[in-house]
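Participant: Okay, here's what each chain looks like letter by letter:
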Amino acid sequence: MNKDTNSDSSKPKKRRRDEEIEAESSSSDRTLSLEENLTFSDTLVALRIMRAQFPHIDKVSIRPFILQSQLYSSVNDRTQVDRELESLRRERVLRVFKLNTGQDDHAIMFLDDYLNQIECVVKRMEEKKQVNLEVFEWFQTHVLDSKLEPSVGHEELVSGSDCSLLSIVGKVKDEHISLLINAGILTRQLIDPDMYWFAIPNIGSVLKGLSQGRKEILSFLNRRKYKEMMLALLEKKHLRFSPLDMRFHLRDLIGSGHLKTIHTPTGLVVQISKD
Amino acid sequence: MWKDIGGREAGQIRPNSFANRVKSHRLSTLQLSNYKDIVSPHKGSINSLQVDLTEERYLLSGASDSSVAVYDVQRATDYEGGGHIAKHRSVFVVDKQHEHGHKYAISSAIWYPVDTGLFVTGSYDHYVKVWDTNCTRVVMNFKMPGKVYRTAMSPLAASHMLIAAGTEDVQVRLCDIASGAISQTLSGHRDGIMTVEWSTSSEWILVTGGCDGAIRFWDIRRAGCFRVLDQSQSQLGRRPPLLKRKRPGYKFVRNGPLVASMMVSISKSLSAGQNSSVKPRAPQKRSANGNGVRQSSVGRIPAKGSVRQRLHPGMLSSQDRATAHYGAVTGLKVTEDGMYLLSAGSDSRIRLWDVESGRNTLVNFETVRLQTSKPIQLATTQDPAVVFVPCMTAVKAFDIWSGKTCLTFRGHYEHVNCCCFSSQDQELYTGGNDRQILVWCPSRLISDGVDAGPMQDQDNWSD
Numbered sequence: 001m002n003k004d005t006n007s008d009s010s011k012p013k014k015r016r017r018d019e020e021i022e023a024e025s026s027s028s029d030r031t032l033s034l035e036e037n038l039t040f041s042d043t044l045v046a047l048r049i050m051r052a053q054f055p056h057i058d059k060v061s062i063r064p065f066i067l068q069s070q071l072y073s074s075v076n077d078r079t080q081v082d083r084e085l086e087s088l089r090r091e092r093v094l095r096v097f098k099l100n101t102g103q104d105d106h107a108i109m110f111l112d113d114y115l116n117q118i119e120c121v122v123k124r125m126e127e128k129k130q131v132n133l134e135v136f137e138w139f140q141t142h143v144l145d146s147k148l149e150p151s152v153g154h155e156e157l158v159s160g161s162d163c164s165l166l167s168i169v170g171k172v173k174d175e176h177i178s179l180l181i182n183a184g185i186l187t188r189q190l191i192d193p194d195m196y197w198f199a200i201p202n203i204g205s206v207l208k209g210l211s212q213g214r215k216e217i218l219s220f221l222n223r224r225k226y227k228e229m230m231l232a233l234l235e236k237k238h239l240r241f242s243p244l245d246m247r248f249h250l251r252d253l254i255g256s257g258h259l260k261t262i263h264t265p266t267g268l269v270v271q272i273s274k275d
Numbered sequence: 001m002w003k004d005i006g007g008r009e010a011g012q013i014r015p016n017s018f019a020n021r022v023k024s025h026r027l028s029t030l031q032l033s034n035y036k037d038i039v040s041p042h043k044g045s046i047n048s049l050q051v052d053l054t055e056e057r058y059l060l061s062g063a064s065d066s067s068v069a070v071y072d073v074q075r076a077t078d079y080e081g082g083g084h085i086a087k088h089r090s091v092f093v094v095d096k097q098h099e100h101g102h103k104y105a106i107s108s109a110i111w112y113p114v115d116t117g118l119f120v121t122g123s124y125d126h127y128v129k130v131w132d133t134n135c136t137r138v139v140m141n142f143k144m145p146g147k148v149y150r151t152a153m154s155p156l157a158a159s160h161m162l163i164a165a166g167t168e169d170v171q172v173r174l175c176d177i178a179s180g181a182i183s184q185t186l187s188g189h190r191d192g193i194m195t196v197e198w199s200t201s202s203e204w205i206l207v208t209g210g211c212d213g214a215i216r217f218w219d220i221r222r223a224g225c226f227r228v229l230d231q232s233q234s235q236l237g238r239r240p241p242l243l244k245r246k247r248p249g250y251k252f253v254r255n256g257p258l259v260a261s262m263m264v265s266i267s268k269s270l271s272a273g274q275n276s277s278v279k280p281r282a283p284q285k286r287s288a289n290g291n292g293v294r295q296s297s298v299g300r301i302p303a304k305g306s307v308r309q310r311l312h313p314g315m316l317s318s319q320d321r322a323t324a325h326y327g328a329v330t331g332l333k334v335t336e337d338g339m340y341l342l343s344a345g346s347d348s349r350i351r352l353w354d355v356e357s358g359r360n361t362l363v364n365f366e367t368v369r370l371q372t373s374k375p376i377q378l379a380t381t382q383d384p385a386v387v388f389v390p391c392m393t394a395v396k397a398f399d400i401w402s403g404k405t406c407l408t409f410r411g412h413y414e415h416v417n418c419c420c421f422s423s424q425d426q427e428l429y430t431g432g433n434d435r436q437i438l439v440w441c442p443s444r445l446i447s448d449g450v451d452a453g454p455m456q457d458q459d460n461w462s463d
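Read top to bottom, the protein sequences are chains A and B. Here the first sequence is numbered in this note's numbering, starting from 1 and rising by one per residue. Here the second sequence is numbered in this note's numbering, starting from 1 and rising by one per residue.
Derived from the structure by calculation, the hints contain no laboratory data. Note that CB positions come from ideal geometry on N, CA and C, so glycine has one too. One or more of the hints may lead you astray.
One-sided and incomplete, this derived list gives chain A residues near chain B with beta-carbon spacing under 7 Å [stated by the list, open to error]:
#1 Thr79
#2 Asp82
#3 Arg83
#4 Glu127
With a cut-off of at most 25 Å between alpha-carbon atoms, the simulated BS3-like pairs for lysine-lysine come out as follows [claimed, not checked]:
#5 A/Lys227 with A/Lys215
#6 A/Lys173 with A/Lys215
#7 A/Lys274 with B/Lys87
#8 A/Lys123 with A/Lys173
#9 B/Lys23 with B/Lys96
#10 B/Lys43 with B/Lys87
#11 B/Lys374 with A/Lys274
#12 A/Lys260 with B/Lys404
#13 A/Lys227 with A/Lys237
So these bits of chain B aren't anywhere near chain A, every CB distance computed over 12 Å [as the list claims (entries may be wrong)]:
#14 Arg14
#15 Tyr58
#16 Asp95
#17 Val138
#18 Ser199
#19 Gly213
#20 Gln233
#21 Gln319
#22 Asp337
#23 Thr361
#24 Lys374
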């Protein structure tokens, strides 16, 4: 792993996280945190560490996901992030989903986590004695494998243009698609009436918490006199409206450009960026 | 600098690289000019700026108060500040009082590419007017069905004099100056068209960006567009990889972006799953003459439930709904070598596309927010090294290959709409909603007054 020599681009929350890793992890992880420096050099490493730090939410069982803006704030070169994400996506290591909270929000989830999530949903549907559950099988084996983008058109799902899509189910009918939408695996967004977007099931409350948490942090900082606060103090605040923790939100807001960090002699200061 | 000149003299540095070194050094010192000022007579926000292509001497600006003005940026009209600051007032202004002037805001003002004898303006009053510069008279008038967002003329055109006009109507119209009529309409977009640009490598190729988020390439000699850019089709790096082994188990499908063919969205999504490896390049060449030949191996037209009319093969591209941006496309710029295309969208993303392969090169330009309601004008340097983008109230210069911000120009009080870079003098002109045109020049020592007017003869030491 490359040693990142720019230690002045460090963020104390990462230092704190490294200490956390040292405290709670085994010796193999310890070598990881000691060797690498404070910003990540690699997207995959950043993804894995952020997945490990995904906050535990009580009421909803959801597998960890990472927002794309969080990646931008933790790896220096954004073009490198984009390209590595693209190659990881092509290798089917992870999937990218377009979220409907805000303009350019994308969520990244490892493929195994996503399949696990679908399994949970299928199990719940089985308990409710739903029929036509083989469509989920078909979805997992065929659609996920061949369609790597975040969206898929109606024609491609319904018509049997490729032999592999005409699988167990025969012809995919509208009831099957409704079942997928009910399960939360496919959604529609306002942009195009003919496109279905892949989605993470059971994520609704988390997304609501995400947008509310963002608004809460931005309004809190906006109300302050100089629209800024020390990062160390800000991290300790507890969010009232969001089940996700402060570190998650801070990474996301810094990466999307709403907040910026300034180095001061007493540490990092987080400020609302005026642009 | 002197060392470089010495090296050039001795033949150690080649002329092109010497010129490039000087230019890029000057570019890196761009700042708000302290010796040059353009006095803008406009009373509305400035929507369009362009320096003429032949001499790079006259700057044409179009504003929201229906006024058009021309400035000479090389010779100042008068001097102030003891001869240090050159003021450039407008050579002439045309406004609403002109008998044939525009009635509403002018969204686009461009020079006739061949010489500065004519200029073309497009306005929200649904008209595109061609003006004679010397008499300031309207020579020709074209009525459009909606507000005109952008007009463009090809800088390479040797056999046609067409003005491409993008309006809020879904069709692009080509107006012919030679005949005085609208000679062609290009259909395919599903919403209004915000930006129009001609290709810098062929006089027949037009690129348009619409409010539906699609970027389409048109060859005006044929019907329909031959390419729709899709943001999910990407390549890692400036050029696509040369040769790749075909991945076993996958059928050979044609390359995604070339869409003027039988199968539109179906095989596109199939090939999208394999967009990294597979394709040998030869069959994917888009032929600019006549309809491209497509492989019939994947020629199954699926029987869809929805109604499919029999469309002309060139019009099948209208069914392709690939988007280049998640919002409207607000700015387009083709680089001068014709190899890359930059597009800015209202989803606050700027994307760099490889024109030959039609793919997104995944360069991430760090923009937070871009203006969404008006089209913006981007500018690039000649060897495309830097791209200037108006981002809200600042203009940012990005390195085109890595996407990092090199310079930020903050000077306008309100949103910046347009910027224009003169590669001859390395000067950047920006215009915004605050009715000002600002000039950004490489920094210069005050005492270096080569073209400053008569200066007082002063001694530097105190007495």
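Participant: Which of the numbered hints above does this structure break?
Facilitator: Violated hints: 4, 6, 7, 9, 19, 20, 21, 23; rest satisfied.
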